[in-house]
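Q: Respectively, the protein sequence lines represent chains A and B.
First residue of the first sequence: 18, per this note's numbering; consecutive thereafter.
First residue of the second sequence: 44, per this note's numbering; consecutive thereafter.
Simulated from the structure, these hints should not be mistaken for lab results.
All residues carry an ideal CB built from backbone N, CA and C; glycine is no exception.
Any given hint could turn out to be false.
[As the list claims (entries may be wrong)] Here are some, though not all, of the chain B residues that point toward chain A, as calculated from beta-carbon distances under 7 Å: (1) P148; (2) H153; (3) I173; (4) G176; (5) P177; (6) V179; (7) D194; (8) P196; (9) Y205; (10) K273; (11) G277; (12) S295; (13) Y381.
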Amino acid sequence: MRVPYTWLKEFIDLRLDPEDLVHRFTMAGVEVEALEGEGEDTVFDLAIFPNRGDLLSVVGVAREVAALLNKPLKLKQIAPPKGVGPIQKKLWVRVVDAKRCLRYSARLIEGISIGGSPEWLAGRLRQVGLRPVNNVVDATNYVMWELGQPLHAFDARLLNRSKIIVKSGFEKEKVTLLDRVARESDKEDLFICDGLAPVALAGVMGAANSEVRENTTSIVLESACFDPISIRRTSKRLGLISESSRRFERGVDLGGTLTALHRVTDLIVEIAGGTPTANWIDIYPKRVVACVIALSEIELERILGVRLSILEIRRLLKSLGLEVVSIQKRALKVRIPTFRRDLTRPIDLIEECARLAGFEGIPSYLPSVPMRFLEVPKERDAQQKVRNAFANWGWTEVVPLHFVSGEAVQIFSQEDSRPLPLANPLSGDGAFLRNSILPNLLDSVRFNQNRQRSDVKLFELGTLFYEREGKTCETKKLVALGTGNDWSEGWTLKARPLDLFTLKGLAQMLGASFGLPEFKWAPIEPCRYLTPLSQKILCGENLLGWAGELSKDVLKIWELETPCFALEIDWESWFALQEKAVKKFAPIPSQPFVERDLSIVVDRNIRWEEILQLLQSLKIPWICQVQLFDRYEGEPVPKGRVSLAFRVRLAKPEKTFTDAEIKAIHEEIVAGLKREFRAELR
Amino acid sequence: METQSLLKELESLRSQAFEKLTQVSDPNQLEEVRIQFLGRKGKLTEILRLLGTLPAEERPKVGAAANQIREEIQERWTRLKENLRLQISQEASCVDVTLPGLAFPVGNRHPIQQVRERIEEIFLRLGFSIYEGPEVETDYYNFQALNVPPDHPARDMQDTFYIEGSRKELLLRTHTSPVQIRVMEKQKPPIAMIAPGTVYRRDNDISRSPMFHQVEGLMVGERVTMGHLKGVLGQFCHAMFGPERKLRFRPSYFPFTEPSAEVDIECSLCTGRGLKSRGCRTCKGSGYLEILGCGMVHPAVFKAVGINPKRFSGFAFGLGIERIAMLKYGIDDIRLFYQGDLRFLEQF
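Please model the entire structure based on the sequences and the hints provided.
A: Okay, here's the thing in C-alpha cells:
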C-alpha cells in the first residue's frame with residue numbers, strides 16, 4: 018500500500034520527518050517495505066498484514082498515525098451531494114445472493130463529459146502506482162485509495178433494461194473483463210448483471226461490455242460490500258488479483274459504502290460535470306451489530322506481564338477511534354467501529370494496547386517452572402553420535418532438498434511402495450518427494466566433480482517418503498556415497514582408490530563403535546542400481562542395509578565416469594539393534610598374548626570367509642584375533658593361486674603358553690589349511 | 044717465585060681457558076683445549092709444579108686457588124661437551140621438521156545441522172524438551188488448528204506444496220508449528236518444548252528456498268507472559284550471537300499468536316545505526332536484522348487443543364535455522380546450503 022506523505026497530511030497535522038515516521042510505523046507493527054522520494058514528495062510503501070484491511074486506505078493509515086503520535090484525526094465532512102429526480106425511475110437494483118453481497122449502494126449521474134483528470138488527481142494516482150485512465154475511472158480509484166472502499170462506474174446506457182441484479186450461479190459462462198481476457202465462470206462466482214448478462218465480476222473487475230468510454234454521458238456508481246471469502250475464492254481460482262479484490266478479501270468497512278459513494282459523486286461532479294439523482298439506492302439487509310468487548314487491567318497484565326492503568330488503556334484504545342462505552346475502576350468496555358472488524362476479542366485489544374504503548378515497555382524476565390525430566394526424541398543422541406562419527410571418519414554431511422525427478426524415483430523405487438508426487442511442484446526436476454537419498458548424493462557428487470573435485474565422500478542421515486498400502490510413510494536412512502580416492506596422496510602415504518572395502522570398513526566401524534556384534538555379509542539380490550559386487554549387511558537375523566557399487570546405468574544417468582560406492586543403512590532397524598546392544602566388561606588378560614604369522618598359497622577361488630570358518634571349526638579356544646595383512650597374486654605365485662599372509666593371536670587368560678603348546682596349535686592350523694584348501698606354506 | 048705473581052698467572056690462565064672454550068666448534072678442538080689446560084703436561088700442571096718454590100705457609104692458599112680454577116674450567120668444559128653432543132646427534136638424524144604434518148582424512152558436519160544442534164542445546168539448558176513431527180502433514184494441523192481457516196488471507200503468507208491425489212488434504216508442512224498442536228493435544232500444561240525440523244514453502248530465490256529448517260518453540264502454563272517470552276528469547280539470542288548484541292521486539296502478525304512480534308538483532312555490520320545510514324548492504328539501512336517471529340499463543344489455538352485460555356497462557360516462537368546460520372557465518376545465498384558443494388561445506 019503506497020501512501021504519499023502529502024495525502025496523509027490532509028488528515029493529520031504531521032510535522033514529523035518521514036524517516037522518523039518510518040521508525041514509528043515499524044515499532045507499532047506497520048511494516049515499511051520501502052521509502053521513496055524525499056521531503057514532501059515522500060511515498061511510504063507499506064506491507065499490510067492480512068488482518069488489517071483498514072490500512073488499505075489513506076484514511077486508515079492516517080488514523081494509525083494519529084494514534085501513534087497522539088494527535089487528532091481530521092476527517093473530511095462529506096455531505097451527500099444534491100441532485101435531481103428519484104433514482105428509482107432510472108435504475109432498478111436487486112440483490113439475489115445476499116450471502117455474498119452484504120451491501121449494495123448505487124447512484125446515477127447524467128450529463129457528464131469524459132476527459133482527462135486534473136493534474137493534482139492524476140499525479141496522486143501515479144504516485145501510488147495507478148495509471149490515470151479518464152476522469153470518472155480516476156475518481157473512483159482516488160476515492161478507493163483514500164477511503165478503502167472499492168468503487169465501480171458503469172456506463173448507464175449500456176446497462177440493458179436499466180437493471181442491476183447481483184447474483185451467482187453462472188456455471189461455465191465466458192465473461193470478458195476490463196483486461197480483455199475472457200474467463201470462464203464458476204457457479205460460486207458472484208456477478209453484477211444487467212437485464213441480460215453479467216456486467217462485472219463482483220469485487221474483482223468490471224466487464225468490457227459496460228465499461229465507461231469516451232462518449233459516455235451517464236454513469237451508475239457502485240459502492241458495495243461483498244463477502245470476503247467469496248471474493249477470495251474467485252480471485253484465487255482465476256489467479257486475478259485487483260486492488261478491489263485485495264481490499265474485499267481483507268474486509269471492507271460495511272458502514273462506509275455511503276460515505277464513499279457521496280465522496281465519489283461529489284468528486285465526479287466537480288471534475289466531469291453532470292447531475293446526480295436526488296437520492297440513491299442502499300440495499301443493506303443485515304445491518305452489522307457493533308461488537309462490544311470488555312477488558313480488564315488484570316487480563317492485560319496476565320498476558321503482557323506489565324500493568325497498564327485503566328486510564329492509559331482507555332487513552333490508547335480511544336486514539337484508534339474505538340468508542341469506550343463504560344469504564345469502571347479496573348475494567349472497561351469498548352464498542353468496535355465497523356472499520357475495525359478484526360477486533361473481536363479481549364486479546365485483540367491487548368495487542369492494540371501493547372503495540373501502541375511499545376513492546377520495549379514490557380519487562381523481560383525468565384519463567385520459573387517445576388523441575389522435571391526433559392523429553393528428547395529417543396533417537397536424538399544416536400543420530401548425533403552417528404553424524405559426528407561419519408564426519409570424524411572423513412565423510413562430509415550434506416543437506417539436500419527433498420525433491421527429485423520422476424526418473425530418479427523410478428530407479429530407486431521399491432516393489433511394495435509408491436513414490437509421493439507433488440500436486441504443484443516448482444519444476445519437473447522436483448516433481449516427487451525423494452524415496453531414496455542416493456539421487457541427492459549423486460547430484461552432489463556430480464556437482465563437485467564438475468568443479469575439479471575428484472575425491473568426494475558424502476553422507477546424509479535423512480528422511481525419505483513413500484506410500485505403502487495407502488498410507489504415507491516417512492522413514493530415515495543413513496547413506497554414504499564416495500568416489501575417487503579414500504585419501505589424497507601425501508609424502509608419507511600413497512593414495513588409495515575408494516572401493517567396496519572402504520564402505521565395508523565404514524559399516525564395520527559403525528557397528529563396533531555402537532557395540533554391535535560383527536556383521537555378516539551376503540550377496541545382494543539383482544538390482545537395477547547396484548552391481549552384483551554389492552553386499553547385504555546382516556546383523557544376526559536382521560537386514561540392516563547394504564554396501565555396494567552403483568551400476569553403470571546409474572553412472573550414465575548422472576554422467577559420472579569414476580566408479581561410485583555407497584553404503585545404505587536402514588535407520589530404524591539400526592536404531593533398534595543398537596538400543597539392544599549391551600556393552601559389557603570383559604576381564605583384561607593378565608598374561609601377554611602370542612602371535613604367529615602364517616603365509617600360505619591357496620587356489621584363487623578360496624574365499625577369506627572360508628578360511629575364517631575353518632579356523633573357527635578347529636575349536637581352538639585360544640585364538641582371539643586373526644588379521645589378514647597381505648594378499649598377493651602374480652610371480653612367483655603360480656597362476657590361479659593366491660598368497661595370503663595373516664597373523665593369529667593366541668592368549669590364555671591365566672597361564673602362559675609353553676613352546677610345545679604353540680607348536681601344536683600352529684601345526685593343527687597348518688594341517689587344517691592343507692587338508693581343506695590344498696594350502697602350501699610359503 | 045712470589046705468591047702474588049703466581050696467583051696472577053692462575054687468573055690469566057682461567058681467562059685464557061674461557062676464551063678458548065668460546066671459540067670451540069667441534070669435539071677435536073674441545074679435546075685440544077682439555078689437553079692444553081687440564082692435561083698432565085698442561086698449563087695448570089706447569090703452574091702447580093712451581094708450588095714447591097714457595098714458602099711452606101703460602102702453599103695451601105695458592106693450592107686452593109689453583110684447585111678452584113681447575114674445577115671452574117672443568118665444569119665449563121663438560122657443559123660444552125654435552126651441548127656439542129646434542130647438536131651433533133640432531134644433525135646426524137637429518138630430519139626436515141618443516142615437512143607438512145600427516146593429512147588425516149576429515150569430513151565436516153553441515154552448518155545447518157551444527158546450528159540446529161546449538162539451538163537445541165541452548166533451549167535444553169533453558170529447560171525446554173524436544174519433540175518432532177511428520178513432514179507430510181494434514182491441512183488441519185498445519186493451518187486450521189493454528190487459527191488459519193480455509194480461505195483465510197493469511198494462507199497467502201505461506202505458499203504450500205500439496206501431495207498429488209490428496210485433494211489438498213495432505214501437504215508438506217509450511218512450518219514446524221503443527222508439532223505444538225500435536226504436543227498440546229496429548230499433554231497438559233505446564234509445557235515447555237521446541238520442535239526442530241524440515242519445512243517447505245513454494246518459493247525459490249536467493250533468500251527463500253522451497254525447503255528449509257525451523258525450530259518451533261512453545262511454553263504454556265499459568266501466568267506465562269510476554270515478559271517471559273522476552274526473557275527466554277533474550278537469553279537465546281545472547282547465547283547464540285553474544286551478549287553484546289542488542290535486540291528489539293517489534294509488533295507483527297501471525298494468525299496463531301496475539302500479540303505477535305518479530306525479533307530483530309542489531310546488524311553486525313553497521314551496529315544498528317538505523318535508517319539514516321541507508322548505505323548498509325546487510326540490513327538495507329534499517330540497522331537491524333530480522334531473526335525470528337513469536338507471540339502469545341492465540342486463544343483460538345488453545346481452544347482447538349482443549350486448553351482453557353482463561354486459565355493458561357503461553358508463548359510460541361519460530362526461528363529459521365538457515366536465517367541464523369546465514370547471519371552467524373555471513374552467508375549471502377541460501378541455495379549454497381543444499382548443493383553439497385565441498386568448497387562451501389569444508390568452511391564450517
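Q: Tell me, in ascending order, the numbers of any earlier hints that this structure violates.
A: Per hint list: single violation, 4.
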